Every structure is written in C-alpha cells, then in structure tokens.
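Using our numbering, count along the sequence shown one by one with no gaps and you end on 187.
It cannot be assumed that every hint is accurate.
Simulated restraints, written as ranges between beta carbons of each label pair [unchecked claim]:
1. GLU162 x ALA59: 16 to 24 angstroms
2. ASP79 x ARG121: 22 to 30 angstroms
3. ARG42 x ARG121: 17 to 25 angstroms
4. ILE117 x GLY39: 13 to 21 angstroms
5. GLY39 x ALA132: 29 to 37 angstroms
6. PRO82 x ALA132: 18 to 26 angstroms
7. SER36 x ALA65: 15 to 23 angstroms
8. ALA52 x GLY172: 36 to 44 angstroms
No lab work stands behind these hints: they were computed from the structure. Note that the coordinates shown come from a computational prediction; the quantities given were computed from them, not determined experimentally. Idealized CB from N, CA, C, for every residue including glycine.
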Amino acid sequence: MTSNSVQFHVFETATGFAALAWSEAGVTRFVLPTASRAGAERAVLRRLPDAAPGAPAAAVAGASALACRYFSGEAVAFDAVPLDLDGQPAFFVRVYEALRQVGWGRTTTYGALAAAIGAPREAARDVGEAMAKNPMPLLIPCHRVLAAGGKLGGFSAPGGAETKARMLRLEGVDLVAPAPRQAAFAF
C-alpha cells in the first residue's frame with residue numbers, strides 16, 4: 001500500500017453491514033451499519049472513490065471487532081484506535097480528540113464540548129458542524145453529543161436522530177423528554 005492509498009473492509013455486525021477505510025496512518029472513514037454489504041461499500045466509495053477493498057491490518061481488524069462487539073450491546077472503547085484525520089480543520093481535530101474521551105453510556109452537549117477544548121460556549125454551532133462532517137461516527141462518538149437541555153439534537157448519519165437514539169439506547173442512555181416548564185392553565 002502506498003502512503004496515499006486507502007483501502008476498505010466491509011463486515012457484518014448484529015445490526016447490519018458496516019465498513020472501515022484506512023490509510024497507513026489509521027482509520028479514515030467508518031460507515032455505520034446498513035442493510036446490505038453493497039450499501040456499505042457504496043457509502044465508502046461515495047466519499048473515497050479511489051479506495052480499494054483490502055484485508056485490514058491488525059489495528060483496523062481490531063476496530064472492526066470492537067464495532068461488532070459494540071453493536072451486540074457490549075461496552076467497548078474506541079479511543080485507542082488510530083485515526084487518520086489528515087485534511088480535517090484543526091478545530092475539528094481538537095473537537096474529535098476531546099469527544100473520543102466521552103465513553104460508553106455518557107453524553108455531553110455541543111456547548112460543553114466547545115468549553116472542553118477551550119472555545120467559548122458560543123462555538124457550539126462550530127462543534128455541531130464538526131459533528132455533521134464527522135468521517136468516523138462511532139469511532140468519534142458524535143451520537144453522544146446532545147443539544148442544550150439534554151435534547152437529542154440532529155444526526156447526519158442515515159436514519160437521522162432515530163439512529164442516534166438507537167445507539168444511545170444500546171449504551172443504556174435513557175432519553176426522557178424534559179418536563180414542560182410551564183403547566184397549562186385549567187379554567
């Protein structure tokens with residue numbers, strides 16, 4: 001594999017077919033489970049048209065094994081999986097590195113994540129942009145980032161917010177709708 005080449009591997013999890021793409025530096029893309037092997041492959045090639053199928057190296061094979069365990073409901077951590085974030089804006093890299101520290105069954109908010117990297121809470125929108133452009137959902141656990149007040153917020157992966165909620169439920173996170181702030185008047 002040349003230093004610029006990217007390979008990918010499609011594998012089956014308990015919830016569908018996922019895919020990992022990698023370079024010599026680490027994982028470059030993760031595709032959340034989809035209904036078919038062909039769908040996972042298409043999702044990789046849509047973003048990385050020059051990627052070629054390949055047999056994953058040990059670190060990448062370990063990441064796919066962790067993903068299989070995750071989607072079977074086992075608490076796992078991906079923080080040791082090497083990532084290749086080359087080409088990502090520096091702000092996004094800082095956000096992604098901080099988010100990788102938010103473990104199984106825990107959540108944070110866009111504003112808290114901004115504060116964790118030393119940015120003002122007003123940078124929450126920029127954190128949201130980083131989440132929307134996350135090339136490796138699950139490995140960079142953007143599903144664990146909630147909107148202010150513990151609201152679910154958006155999720156740009158296929159299935160949208162329902163996929164995010166399903167992943168959080170898998171981790172035992174109970175998303176209860178907040179109680180209304182003002183009760184209705186009864187006349």
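Q. Do the beta carbons of ASP79 and ARG121 sit within 22 to 30 angstroms of each other?
A. Check passed, 25 angstroms falls within 22 to 30 angstroms.
Q) Do ILE117 and GLY39 keep their Cβ atoms within the hinted range of 13 to 21 angstroms? A) violated (34 angstroms)
**Q.** Outcome of range test on Cβ distance (SER36, ALA65; 15 to 23 angstroms)
**A.** Cβ of SER36 to Cβ of ALA65: about 21 angstroms, so the range 15 to 23 angstroms holds.
Q: Given the hint of 36 to 44 angstroms, check if ALA52 and GLY172 actually sit that far apart at their C-beta atoms.
A: holds (38 angstroms)
Q) Do the Cβ positions of GLU162 and ALA59 conform to the proposed distance bound of 16 to 24 angstroms? A) violated (31 angstroms)
**Q.** Verdict for PRO82, ALA132 (Cβ pair) under range 18 to 26 angstroms
**A.** holds (23 angstroms)
Q: Indicate whether the distance between the beta carbons of ARG42 and ARG121 respects the range 17 to 25 angstroms.
A: violated (38 angstroms)
Q. Is the distance from the Cβ of GLY39 to the Cβ of ALA132 consistent with 29 to 37 angstroms?
A. Violated - the Cβ-Cβ distance for GLY39 and ALA132, about 21 angstroms, lies outside 29 to 37 angstroms.
Checked against the numbered hints given earlier, this structure breaks hints 1, 3, 4, 5; the rest are met.
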